[in-house]
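Chains as they are written, first to last, in numbering that gives the first Met the number 0: chain A, 0 to 101; chain B, 0 to 171.
These aren't lab readings, by the way, just hints derived from the structure by calculation. Fair warning: there could be bad hints in the mix.
Unchecked claim - On the chain B side, residues computed to face chain A include the following (Cβ under 10 Å):
1. G52
2. V73
3. V98
4. I125
If you're wondering where the values come from, they're calculated on a predicted model, not measured in any experiment. Glycine included, C-beta positions come from ideal geometry on N, C-alpha and C.
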Amino acid sequence: MALPIETGQPGVIVIGETEPKDELSSPWNVIVHNDPINLMSYVTMVFMRVFGYPRPRAETLMLEVHQKGRSLVWSGGRERAELYVHQLHSYQLLATMEKSEA
Amino acid sequence: MIDLRVQPLDEKRILISGIPSVLAAMLRELPEILELRDSPDARARLYPNPTAGSDNINREWHQLAGPELRHLFVSAGETLTRDLTALTADKENGDAWQVAFPIEHVPAWMNALNQARLILGEVHKIDEAEMNRTDFDPQSPKHMAALRIHLLGYLLHLFVELDSAHEPGKHV
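Taking the hints into account, I'd like the entire structure generated from these sequences.
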């Protein structure tokens, strides 16, 4: 996320980053958590729509959520992870993001 | 016998037909249920934290993403509520009901149906065990909430099936 930073020079503003560069470049994991209400067919559909996954992969991830309580559904840059979490929340799935330890 | 169907009526409209009276009554209650989206329990579920432990990210997230999500949820509920005014008797299916609405409203219907299910789940503290219940006591608000969640879920599932019919290699 970029923020304008005052430079002290009249008329000069640079666009800075709120996080150190290594934090932006480190991979982030998007996790989907199980809940008792969302339908299995609905969760599968959401994975296909949001990530463009083929049905077999979407179903495998959905079953992992259902059976293990959570599933790592995507890993990559922070901004993309934020976008995916936002989309998953718009479909009312319980999704979080966490920095990868790898 | 329930012959509930969600199918294209023509190129521009979707028809839900064969809606049993009990489900029609539940659909009419949806606007009232959706009004509970701002209750503390429902808010926590509909607007979850994006991280497990970063207060800063969570706070910033709710400031930035919260209003947009709420707008989406409210808008979906309003669309469904408007469409439901066209709920009429389904003369071909006994005492069932039917409703037709523009095909572009399908995402709003799916969103609002799922919202209502989640809100009922939070308000009535429905857990996995309650969702697996097969006997429902009409006197129990919790049991009736679980039954509503299942019936609305069945309708939502029909929308999901309609969506999957458009996958490559499948035909409507």
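Exercise. Have a go at the B/V73 hint: is there a Cβ in chain A nearer than 10 Å to its own Cβ?
Key: Constraint on B/V73 not satisfied, violated at 13 Å.
Practice problem: Under 10 Å, Cβ to Cβ, is where B/V98 needs to be relative to chain A, so tell me if that hint holds or is violated. | Solution: 21 Å, violated
Quiz item: Is the interface hint for B/G52 satisfied, with its Cβ closer than 10 Å to some Cβ of chain A?
Solution: 8 Å, holds
Quiz item: Does the nearest C-beta of chain A fall within a distance shorter than 10 Å of the C-beta of B/I125?
Solution: 6 Å, holds
The structure shown violates the earlier hints numbered 2, 3.
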